[in-house]
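A.B. asks: Got chain R; can you put chain S on it based on the hints?
The residues making up each chain are set out below.
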Amino acid sequence: MEFLELLKTGRPVLLDGGMGTMLQARGLPVGAAPETAALEHPEWLREIHSAYLDAGSQIVYANTFGANREKLAHCGRTVAEVVPAAVSVAREAARGRGLVALDVGPIGQLLEPTGTLEFEQAVDIFAEVVEAGAAAGADLIAIETMTDLQEARAALLAAREHSSLPVLVTMTYEATGRTFLGCSPACAALTLEGLGADAIGVNCSLGPREMPPLVEELLRWTTLPIVLKPNAGLPHPDGSGYDISPEEFAHSLAALADLGVQVFGGCCGTTPEYIALLRRELEGRTVRRVTRTVPAAVCSGTQAVPIDRVRVIGERINPTGKKLMKEALRRGDVDYMLNQALAQTEAGADILDVNVGLPEIDEADMMVRTVKALQGVTDAPLQLDSTDPKVLERALRVYCGKAIVNSVNGEAESLSAILPLVKKYGAAVVGLTLDQGGIPKSAEARMEVARRILERALALGIRREDVYIDCLTLTVSAEQEGAAQTLTALRRVKEELGLKTVLGVSNISFGLPARPLVNQNFLTMAMAAGLDLPILNPNVDTMMAAVRCYHLLTNVDRDAREFIAAYGNAAVSTSISGGGAAPAASASGGGRGLAEVVEAGLKGEAAAAARALLETREPMDVVDHVLIPALDKVGADFEQNRVFLPQLIQSAGAAQAAFEVIRESLAQRNGGSVSRGTVVLATVKGDIHDIGKNIVKVLLENYGYTVVDLGKDVDPSAVVEAVRRHAAPLVGLSALMTTTLKSMAETISMLHDAGLTCQIMVGGAVLTPDYARQIQADFYARDAKESVDIAKRVIG
Amino acid sequence: MPLPISLTDLQIDEVLRYMGTPPDRAEPAIRKLAEGCARELLGVVRPRWAARTFELTPEEGGVRLSSGLLLPGEDLKRHLAGCRRAVLFCATLSAQADALIRRAESGDMLRALALDSCATAAVEQLCDQIELELQRQFPGCFFPFRYSPGYGDLPLTLQSSLLALLDAPRQVGLCASASHILTPRKSVTAILGVADHPIQASVRSCLGCPAHDGCQYRKSGGHCGIS
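So the sequence lines, in the order shown, correspond to chains R and S. Read in order, the letters of the first sequence correspond to residues 4 to 799 in our numbering. Read in order, the letters of the second sequence correspond to residues 6 to 232 in our numbering.
It should be emphasised that the hints constitute simulated quantities derived from the structure, not laboratory data. Here the structure is a predicted model, which means the values were calculated and not measured. Yeah, the Cβ is synthetic: ideal placement off N, Cα and C, and Gly gets one too. Hints are supplied without guarantee of correctness; some may be wrong.
Unchecked claim - Cross-link-like lysine to any residue pairs, in silico, SDA-like; alpha carbons within 20 Å at most: (1) R:LYS426 / R:LEU168; (2) R:LYS745 / S:GLU32; (3) R:LYS636 / S:GLU32; (4) R:LYS745 / S:THR162; (5) R:LYS426 / R:GLU414.
To be verified - Label pairs and their computed distance ranges (CB to CB): (6) S:GLY48 / R:ALA531: 37 to 47 Å; (7) S:ARG83 / R:ARG785: 54 to 64 Å; (8) S:ASP158 / R:GLU642: 28 to 38 Å; (9) S:ARG83 / R:LYS745: 38 to 48 Å.
Here chain R stands alone, though its shape is the one from the complex (with noise of 0.2 Å):
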């Protein structure tokens, strides 16, 4: 019988039990690869294979669990000589008897951002894998042990690109309910049901004794079968093996069918006589059948929200209308994005719209940096946002977790491109009530096409739960009887659909005077008549405190906890006040001088003594003449040891936010930019330490530099290509290790190699001058203070 066939017979189905330790028994030393054992010993792996079949296992796993091309190069084999064999092998032992697994473990390296192996790089290495295997004959594909969902994502798309095998899927879990990476079930079972897995469940990790806890939450969120595969409970601290019996191992993992587990095996320290006796206690027992439901909800790789009470988009990492986001996007500077991220969630954000489109920048690498960069700072799930279905595609592949796609419409066009997409990486969507005659104007035409959409998603396997309907607001100074159609529509998808609802507030109060008091007001409406996903605009304190309030008032904040966390010490002004939102100069009293500030270091008042001076002095004298002498003076105390590291990054955040100021006056009348002249910075190739070039880059900018930062483990045609387009006529790059200066000659001669102009500074723990000369940098600089000096000798 098949894999799925098995499943379907809703009775437990048995795996196999340990591999290593059976391996290790045999003669395999520690530290060993225990894949070699395929060509080496293959009469072992027959016999363990046997003795799992002999004592009932359905299913065995192919001595697979590392051969991929990354750990095998260690023991000098490929995927080629060893995954057919291995495959072989069980497929001998098996015949007639059982089906085999191709196993798939993790590659032995992290993925980024912990890690350096990128995404797809991953896929491939597995893809790899998942080809060999198919082709030698695996019945179904397992892949286990994932600590980063990342990585299970990798597997399991490769395993669906690269194959028609049926896959499982198993984590290993801490005590904490975890994985190393921060992993809950919650997330691994909304991501990788989404992603098509056929079963997916729990290895390694523990003992049955502490599956319990994992096995409910992985019931909450997934209609799959449940795969458990324990170890032989919790190693002892000597390191002889493991504290459980078989007895109590097969009792206590076997009465887990009746929480609805349907698949079980062992993991580490469980050999056949474990496997013989959980058989025995499996027999005549029926795997619990619970009718399970799973809430509409999103999440990221470590935190799921579900949909269950009013949760805010934030809606600032859009372009639209921001002069500053869009130089950021021009310059490829994603640490624009990632502080509007951190304030968001920090305002009470719950999911992070993203959207980077711009006509002059290549949309879908930006999308790509900047959802990566994201999920490195953040915990809050993302809603990828573009008009560009080959955009969404990108995005979607490298987002960990279950994303929300903005959006599909009701065209024929937007359906067949965009919901294939959200059906195969497993999002949910925004189906925006409109088509090709624009907004129908009644709530019923808007209805219409939110039926027209849900059908489409269905038909495709989408679940119900997972389309959310925007049913668009219109400006209500241009037509004022719209809002009523937008809620009475928005009332009726909830109500008659049953599905959640969606809408982006701001644009109600556009063209009117105190919008603040339109929008709060707009989206209180709103939440009343069933919206469950605002857009907005969360640094705004009254949209939140909307937000606050209806949760207070509709009894989901209970105990009214949230709300008086929120506001138990706050003076709050319900009053409009007539000017614009800037709040006003003089906030520090006008006290102190800027010169002064930065000096001090008082990050805090910086802005306000900047605007302070720009109301008497131009941007640019106040940048030649003020921050930039008190930033030298700062600088010449730390050479000479009067201030330290610290107080030099302090006095630099100052001027940061003095700078912030200027660059927001100068873009508002269009006045040039403070560029002295524009640096390119990198970490290179294979090295990750990057917290000092982040520190010059601070320094850099704050002398009025234009820092192109390309971030840590940069491949050095990424240096290259990045001084060609901005025409750099600096370069600086660090490396922290030994084993990376190498990737930094390379990026060297590689700069010269392409006849580029530019001077190389470098820096970094191992540097010394006379390395720096022998590769050929034009400079060595010692700490970031002397990058600054750098700069000005190169550029002036």
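C.D. replies: Positioned in the frame of chain R, the structure of chain S alone reads:
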């Protein structure tokens, strides 16, 4: 799995040194920042470690572990003279430390520097505690200071073989990148020699310091004051 070790407190003077500030001249605000960051870091990290004991055989070009792995170079061989055994161990603060620092880096570099320095101090303290725990397991024995790839002529390219001996990716979630960098970043692999007889006292110096080549004090020709 070895006994869990928890970090409850960081030596703030050490953190300040890693931040490039002499502790006796640190402004109160900087010290306070370091203390706050220490608390924050200790609140999120999940220290883990793994260890394994091997017999040692010195030979031409290095010293061989009983697993068969050769640790190449003369410096470690000299360092382990008189030791019949050695404990190989690894320790990590977990990916949560990296994430916390990354988050700070995109907003406030001073906090990022403080957190990074706290993490460096924390992983050193973790290793100190592991070393004490291991010494307890060998009563009556003598120990030279712990020695890591990158010290002397012991190459960093050894990292993934050492991690494989400890089954570190699976046991503690610690891996080496293609360029032999430990990830999560705030992690260590080390070899602790075990001698049955007294050995020539070896003092931990700049050689054994995690800041060695990158040290601000050494760069300006000075010394941090710790022997």
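A.B. asks: Looking at the structure, which of the earlier hints fail to hold?
C.D. replies: Of the numbered hints given earlier, those the structure breaks are 2, 7, 9, listed in rising order.
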